[in-house]
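Peer 1: The chain contents come next:
Number of protein chains: 4
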Amino acid sequence: MTTARTDLIEHFLRTRRASLDLCAPLQPEDYRIQSMPDVSPPWWNLGHTSWFFAKNILAPRTGYEIDRGLDYALNSYYETHGPRLARAQRGLAPRPTTADVLAWRTTVDARMLELLEGDDDQDPTTLELLTTTGIHHEQQHQELLVTEIKHILGWNIEALRAPYRDEQPSVATTALPLEWRAFEPGLHAFGNCEGGWCWDNELPVHRGYVEAFALANRLVTNEEYLEFVEDGGYRDPLLWLANGWAAVVARGWQAPLYWERTASGDWRTWTFGGMRPLRLENPVTHVSYYEADAYANWMARSRGIAGLRLPAEREWELAARTQGFDHRTGNFLDDDTLEPRAAIANDGPLLQLAGDAWEWTSNHYEPYPGYRPFEGTLMEYNGKFMDNQRVLRGGSCATPRSHIRCSYRNFWPADTRFQFTGIRLARSL
Amino acid sequence: MTTARTDLIEHFLRTRRASLDLCAPLQPEDYRIQSMPDVSPPWWNLGHTSWFFAKNILAPRTGYEIDRGLDYALNSYYETHGPRLARAQRGLAPRPTTADVLAWRTTVDARMLELLEGDDDQDPTTLELLTTTGIHHEQQHQELLVTEIKHILGWNIEALRAPYRDEQPSVATTALPLEWRAFEPGLHAFGNCEGGWCWDNELPVHRGYVEAFALANRLVTNEEYLEFVEDGGYRDPLLWLANGWAAVVARGWQAPLYWERTASGDWRTWTFGGMRPLRLENPVTHVSYYEADAYANWMARSRGIAGLRLPAEREWELAARTQGFDHRTGNFLDDDTLEPRAAIANDGPLLQLAGDAWEWTSNHYEPYPGYRPFEGTLMEYNGKFMDNQRVLRGGSCATPRSHIRCSYRNFWPADTRFQFTGIRLARSL
Amino acid sequence: MTTARTDLIEHFLRTRRASLDLCAPLQPEDYRIQSMPDVSPPWWNLGHTSWFFAKNILAPRTGYEIDRGLDYALNSYYETHGPRLARAQRGLAPRPTTADVLAWRTTVDARMLELLEGDDDQDPTTLELLTTTGIHHEQQHQELLVTEIKHILGWNIEALRAPYRDEQPSVATTALPLEWRAFEPGLHAFGNCEGGWCWDNELPVHRGYVEAFALANRLVTNEEYLEFVEDGGYRDPLLWLANGWAAVVARGWQAPLYWERTASGDWRTWTFGGMRPLRLENPVTHVSYYEADAYANWMARSRGIAGLRLPAEREWELAARTQGFDHRTGNFLDDDTLEPRAAIANDGPLLQLAGDAWEWTSNHYEPYPGYRPFEGTLMEYNGKFMDNQRVLRGGSCATPRSHIRCSYRNFWPADTRFQFTGIRLARSL
Amino acid sequence: MTTARTDLIEHFLRTRRASLDLCAPLQPEDYRIQSMPDVSPPWWNLGHTSWFFAKNILAPRTGYEIDRGLDYALNSYYETHGPRLARAQRGLAPRPTTADVLAWRTTVDARMLELLEGDDDQDPTTLELLTTTGIHHEQQHQELLVTEIKHILGWNIEALRAPYRDEQPSVATTALPLEWRAFEPGLHAFGNCEGGWCWDNELPVHRGYVEAFALANRLVTNEEYLEFVEDGGYRDPLLWLANGWAAVVARGWQAPLYWERTASGDWRTWTFGGMRPLRLENPVTHVSYYEADAYANWMARSRGIAGLRLPAEREWELAARTQGFDHRTGNFLDDDTLEPRAAIANDGPLLQLAGDAWEWTSNHYEPYPGYRPFEGTLMEYNGKFMDNQRVLRGGSCATPRSHIRCSYRNFWPADTRFQFTGIRLARSL
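Residue numbers (the working numbering), protein chains in the order written: chain A, 1 to 429; chain B, 1 to 429; chain C, 1 to 429; chain D, 1 to 429.
FYI, nobody ran anything at the bench for these hints, they're computed from the structure.
Errors might be hidden in some of the hints.
[Claimed, not checked] Computed beta-carbon distance windows for the label pairs:
1) A:230 <-> D:64: 36 to 46 Å
2) D:18 <-> A:372: 43 to 53 Å
3) C:11 <-> D:262: 39 to 49 Å
4) B:275 <-> A:82: 19 to 29 Å
5) D:302 <-> B:276: 42 to 52 Å
6) B:324 <-> C:329: 51 to 61 Å
7) D:193 <-> A:182: 25 to 35 Å
8) C:117 <-> D:249: 50 to 60 Å
9) D:262 <-> B:238: 25 to 35 Å
10) A:17 <-> B:223: 55 to 65 Å
11) B:304 <-> C:223: 50 to 60 Å
12) B:322 <-> C:196: 37 to 47 Å
13) C:62 <-> D:277: 35 to 45 Å
[As the list claims (entries may be wrong)] Partial selection, computed: residues in chain A whose CB lies under 8 Å from chain B:
14) 29
15) 30
16) 32
17) 69
18) 73
19) 91
20) 93
21) 97
22) 153
23) 162
Think of the CB as a built atom: it goes at the ideal place given N, C-alpha and C, for glycine as much as any other residue.
Make a model of the complete structure from these sequences and hints.
Peer 2: Pasting the structure below:
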């Protein structure tokens with residue numbers, strides 16, 4: 001076996017184990033809950049990631065036949081693969097049981113191992129490519145597992161919430177002052193310039209011209225966002241996109257998701273360790289695009305800074321690529337610290353680019369010029385969702401470290417709040 | 001201790017145990033599923049019935065303090081008791097866990113026993129009355145448990161259904177021919193004439209005049225109903241109430257709930273033992289009021305019998321009371337046969353009055369003249385639901401035997417299909 | 001021509017003219033508005049009443065062909081007559097124009113006259129019966145016209161409301177004290193005992209037994225209802241049916257429809273003459289069944305009168321029949337006073353039985369024992385709506401006088417408020 | 001008076017008159033209809049355009065007080081101006097009457113004239129700027145009037161449709177063959193490079209780099225689109241964006257809006273002159289973004305052309321600017337021919353860039369880098385809608401000629417079909 005193959009097997013096994021490890025603290029009940037339509041129950045994430053390997057690799061290569069019930073239940077959105085359990089009904093299905101799903105993971109792992117370790121005459125490159133894709137797919141679901149578990153355990157009244165684990169809060173500190181890093185106008189390459197495996201939506205590498213801009217050296221903190229909240233930001237329609245204001249009114253938003261004000265006026269927030277006082281120096285998270293955009297508008301108005309806004313996707317990528325984006329320095333899921341941390345180092349470059357919180361950009365999710373979807377059934381993976389969503393960049397404390405890179409494009413609808421989504425400010429110069 | 005008290009304790013313990021016995025075949029997943037808003041997850045039924053004793057007896061009499069989370073989660077609809085988990089969200093709550101709920105049952109049972117066995121100086125009559133009410137309340141939830149479990153296990157595609165237990169179908173037989181039993185016009189007493197404990201909605205005993213009518217000797221069979229289906233009954237709006245036709249169109253009804261036609265044209269139906277060929281001689285069940293009414297209209301038209309219709313509530317009660325209603329002869333939950341059985345005996349009286357299937361009457365659910373709700377918080381038990389529902393009489397194979405009596409009034413919205421609801425025909429003479 | 005025929009022609013012409021007279025004060029815009037799904041635009045009422053004569057009489061008897069567009073647009077709910085303009089879309093149709101509809105009225109009137117005045121060899125009895133039915137049908141739509149116009153002109157903010165006509169309010173007076181009239185228990189005949197033309201839902205005459213009860217001598221006044229409002233009646237769920245409380249919460253009900261409290265705390269209400277101070281001595285109107293029921297519950301509790309409630313349909317009919325129900329004395333549409341008046345006479349009998357306001361009874365709308373729908377397409381007129389509605393008795397200030405009688409059964413869903421609906425209290429004795 | 005001022009007055013008067021001219025063929029009923037929530041009734045367009053002048057110019061400059069009812073009814077979406085008639089309720093308001101609105105137009109025109117002709121010491125530049133803005137605003141509503149009238153008159157069954165006017169179809173011809181015009185990659189300026197008045201969303205002029213691409217010489221024809229329809233394009237989910245496929249399923253789309261297939265299989269479509277056979281050589285219109293995108297995907301697949309797609313906004317603008325975009329040659333509203341015409345000339349440049357149909361681009365509607373909204377209340381004009389909409393370029397047969405220019409950005413949600421929206425294909429090279 002080649003080293004590459006050995007590494008791949010190791011990566012496969014490590015990734016598969018990591019999904020189970022994330023679920024280790026759960027009670028049997030927690031596996032079955034779909035606390036809102038966007039949140040899949042953990043059993044489903046565990047099953048669907050197995051299905052991805054079985055359907056895209058085992059079935060076509062080995063003739064493996066997937067049980068009809070599992071096939072129906074675990075197809076996410078592939079029209080190519082026919083009828084399936086509706087997304088909003090994942091929490092209504094008592095079968096497959098969690099035990100069924102866990103047993104099936106073992107089966108799929110064993111057959112994958114057999115395939116990866118065996119003499120593979122049929123196009124080993126494709127096998128490796130698809131396995132890598134499956135690993136990255138599972139990593140995406142690990143982030144979902146974390147953020148969905150947070151919602152499952154925390155959506156109800158406090159007396160019915162349950163902490164995920166006995167986690168200590170990070171040590172109190174002070175966030176760095178906000179500073180601006182300026183960038184010259186210029187023509188640059190964008191997309192997966194660094195090479196290596198990536199999603200189809202990061203390609204092709206293409207050129208783009210960026211006008212002069214500046215980016216904040218760090219993410220907006222809870223303390224800064226709190227000023228917006230207490231200044232009436234959620235009551236002034238002129239700060240909001242029309243759809244954003246409609247969401248504020250319809251859903252009664254008054255602060256980020258999981259924030260609660262106590263009778264005495266203090267703010268607390270839901271964490272994996274339970275309800276905790278709001279850490280002012282930490283990055284604000286669980287804000288929708290609408291809130292991020294309204295906050296930028298409020299800052300522009302209250303600070304008198306014309307052109308203050310959210311960064312464009314290209315601005316972010318250019319800055320990250322040239323200011324030392326390093327996923328090794330970030331605060332990611334693999335650190336086992338499920339909490340965004342304050343920016344404290346101050347050695348010049350942009351801080352918090354990787355880890356802590358996904359950063360909303362001002363761009364809708366669109367294909368790059370010359371975009372080609374993956375071949376075969378994976379053509380449904382990204383392209384068909386390039387409509388009415390916003391791009392996020394960077395990675396969060398719930399993202400697996402090896403999953404992230406400078407050209408990575410995350411995307412969510414503008415009203416999404418259950419992810420670790422934060423705000424970095426930008427300015428036109 | 002008095003014999004009455006001893007009997008009460010015994011009845012209490014037996015009832016509490018029966019609820020657990022009904023859940024014995026379930027997988028952990030099954031306890032948490034709310035397959036449609038009307039269906040509460042089994043954990044909730046087990047918890048709510050404990051809460052009923054704790055809230056109405058233990059708390060006011062012993063100062064027992066209910067855990068705040070349990071109190072919030074397990075209050076069904078009592079405005080008196082304040083905010084609560086919304087009904088449609090019972091399937092979204094991971095806490096309390098099933099283990100929590102089972103442990104709490106033990107606690108409540110122990111405290112109830114202590115109370116019932118102790119020297120009770122404070123108004124023993126009320127204690128006994130409330131305990132009896134709690135027992136009957138739990139019996140209602142046993143019927144719900146059975147019918148809701150049937151839905152939970154059976155709503156999905158066949159490959160994802162799971163049988164409740166390995167139950168053998170009843171022995172094939174032939175249903176008796178349909179015959180009419182005539183009743184003279186006259187003034188009669190209605191309500192709980194037999195005395196004993198009853199719900200407030202069965203009182204007061206009052207007089208009512210009934211014109212001449214006849215009642216079918218047995219329930220409508222699957223075979224008879226199938227003729228209606230195959231004659232296009234679900235495609236002819238003139239047979240239906242306007243709201244019924246709207247339901248047919250909006251929900252695509254083409255047959256009773258759980259019926260499925262195979263590719264070869266055979267009918268099968270979902271039972272506790274799995275999918276089974278439709279037993280033609282058995283009573284049709286899982287029909288809404290609208291379907292029952294449309295069937296009667298179709299019979300009137302196709303058989304040319306003017307005045308053929310569903311029975312009025314009083315007609316049913318009069319017939320049952322005078323034709324030997326006997327809950328001991330019925331086919332009830334305690335028989336452990338969760339299937340309506342064919343009518344085969346033929347000794348004159350009306351058959352299938354008790355057990356097998358609840359019988360839709362033509363009356364909306366209204367208070368009897370002079371109705372007084374229960375005192376205290378139990379005033380919310382029945383009265384506030386006397387609006388836009390239909391009365392059913394008799395009891396089904398999912399009803400506990402000791403729960404049923406001639407004056408019992410069950411009630412459901414007219415579009416309900418997940419209960420064991422059937423059809424007995426009547427005629428004006 | 002017989003006198004009967006001459007009278008019928010005169011009644012036909014008078015009725016047809018009355019519909020137009022009701023619309024005389026309208027602006028062209030007012031004819032087209034469907035201010036809520038329940039409210040048909042006036043053009044539609046004018047057209048549909050013509051269609052009723054054309055479809056049920058002219059077409060089958062004379063071969064008259066109805067224009068396809070009119071036929072589609074003006075069919076209300078007759079499945080027998082095929083596809084039709086959806087009820088909720090009547091306000092979205094620019095055609096037929098109001099001028100088209102008015103011209104077609106003339107055509108239909110001319111052809112009806114020709115038929116009624118001609119030698120009619122084919123079954124003159126049926127012709128007269130159907131014509132009479134059409135006249136009563138049009139009278140029902142006259143009441144709808146009045147109440148719908150009130151809503152069309154008044155639903156918006158005050159600056160965009162328009163009075164229907166320059167109507168003077170009635171002279172201020174004082175309402176009679178509330179007194180109870182007692183009735184013995186007994187067996188009585190119900191239904192159209194007086195004979196003459198009636199709807200199928202008033203037949204057959206049948207017997208019913210009524211327990212002892214008492215009825216209030218007059219309707220509940222605005223002043224009395226205001227006490228309920230100001231005592232927090234709309235904030236106490238224990239007074240309401242569950243569906244009623246859900247309506248209160250979902251729709252924000254705080255008082256009857258059209259009531260508004262000014263900044264200074266005074267109550268005003270929308271009338272045909274514009275916004276007017278609330279006349280305290282007048283009967284309360286524009287209350288739903290839920291409000292009527294909650295008011296009765298509040299009265300029972302606050303006055304300590306057990307058994308205080310709304311009257312049953314039979315109680316009302318018995319009382320009206322024996323206490324001198326006289327539609328000649330009522331305050332009806334023909335008086336041209338579109339305002340309920342205070343009860344002031346005091347000669348013993350029950351007051352305000354006919355005219356002023358429809359009285360909610362505690363009964364759902366159901367067929368009488370032995371009910372037979374009209375023959376032919378008119379079978380869809382009443383029977384299919386006998387589901388989840390409540391019966392009202394008596395007639396209102398918007399009802400044509402010759403349309404009302406002691407056995408008349410009006411019916412509306414329990415949450416209806418745009419009709420002139422009021423409250424008479426009853427008690428079990 | 002300066003010539004500029006005289007010209008402005010003339011433009012103002014001409015524009016105001018043009019709105020009335022467009023409504024001249026209407027019946028009184030047509031002015032009041034809101035055939036779907038997106039469609040405002042014509043009275044409202046006539047009133048709102050007057051309100052725009054009154055609110056933004058007359059009120060602040062002359063102290064003119066707008067009637068409270070008009071102010072409430074005619075505010076479209078300006079949060080700055082307070083509560084207003086909900087958009088979906090414009091068709092429910094009987095007041096103001098059409099006569100009221102027309103009279104108010106005269107008043108507003110007279111006061112505007114007085115102001116424009118008078119000695120205006122206060123900032124004449126701003127007066128002229130705002131008046132010009134009001135003129136362009138009214139031109140936008142003229143396009144809405146045309147397209148909304150088409151829907152109002154045509155949404156119902158054929159027997160209830162009414163032609164707008166007796167319009168002759170264009171002369172039959174043959175569309176030019178589809179050819180590709182190639183463009184080199186390069187850096188270019190975008191936005192309102194030509195100068196002159198424009199909307200805030202066309203600024204600032206900024207640089208952008210465009211990779212090599214080609215554009216079709218003309219719009220897609222009905223004949224070409226029909227091939228997609230008949231090849232099953234509406235039944236293959238793999239051709240569609242996920243949101244697009246959801247729309248196809250939920251709304252039953254099978255062809256563009258207004259297309260109908262007769263019993264004999266011929267296609268007809270709704271035009272201002274009535275139902276007409278589909279003109280195969282004319283540009284397809286009334287397609288949503290989703291349909292345009294699916295068509296491009298189908299073309300790429302069926303013709304085997306990788307990279308075939310819809311044009312990006314910048315590609316369109318670059319091509320139009322350099323290939324002789326000329327709004328004088330287009331087929332616009334001012335030609336009085338309310339029908340897109342076939343492309344027949346063939347002198348090299350791109351055809352149908354201006355007029356006929358708006359062209360969907362592949363870009364969501366976003367601010368240009370450095371975007372500044374208009375000052376004051378007009379800040380709500382564009383910016384707050386830059387979310388989840390797609391940009392269209394070019395202008396349609398319903399656009400006033402003097403309203404259009406190369407940098408103009410139209411925008412609609414991706415599921416919009418009632419505008420004259422068409423398809424131009426593009427390719428990455």
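Peer 1: Hint by hint, note whether the structure agrees.
Peer 2: Now the hints, each set against the structure:
1. A:230 <-> D:64: 36 to 46 Å: holds (39 Å)
2. D:18 <-> A:372: 43 to 53 Å: About 47 Å separates the Cβ atoms of residue 18 of chain D and residue 372 of chain A, which means 43 to 53 Å holds.
3. C:11 <-> D:262: 39 to 49 Å: holds (47 Å)
4. B:275 <-> A:82: 19 to 29 Å: Roughly 21 Å apart at Cβ, these two residues keep to the hinted range, so it holds.
5. D:302 <-> B:276: 42 to 52 Å: Given about 49 Å between the Cβ atoms, the range holds.
6. B:324 <-> C:329: 51 to 61 Å: Once the Cβ atoms are compared, 54 Å apart, the range 51 to 61 Å for residue 329 of chain C and residue 324 of chain B holds.
7. D:193 <-> A:182: 25 to 35 Å: holds (27 Å)
8. C:117 <-> D:249: 50 to 60 Å: holds (58 Å)
9. D:262 <-> B:238: 25 to 35 Å: holds (31 Å)
10. A:17 <-> B:223: 55 to 65 Å: holds (57 Å)
11. B:304 <-> C:223: 50 to 60 Å: 58 Å Cβ-Cβ, so the 50 to 60 Å window holds.
12. B:322 <-> C:196: 37 to 47 Å: Holds - the Cβ-Cβ distance for residue 322 of chain B and residue 196 of chain C, about 39 Å, lies within 37 to 47 Å.
13. C:62 <-> D:277: 35 to 45 Å: Since residue 62 of chain C and residue 277 of chain D have Cβ atoms about 38 Å apart, the given range 35 to 45 Å holds.
14. 29: Holds, about 4 Å.
15. 30: holds (5 Å)
16. 32: Since the shortest Cβ distance to chain B is 5 Å, the answer is holds.
17. 69: holds (4 Å)
18. 73: holds (6 Å)
19. 91: Holds, about 7 Å.
20. 93: With a closest approach of 6 Å, the residue 93 of chain A hint holds.
21. 97: holds (5 Å)
22. 153: holds (7 Å)
23. 162: Since the shortest Cβ distance to chain B is 5 Å, the answer is holds.
Of the hints listed earlier, there is not a single one the structure fails to meet.
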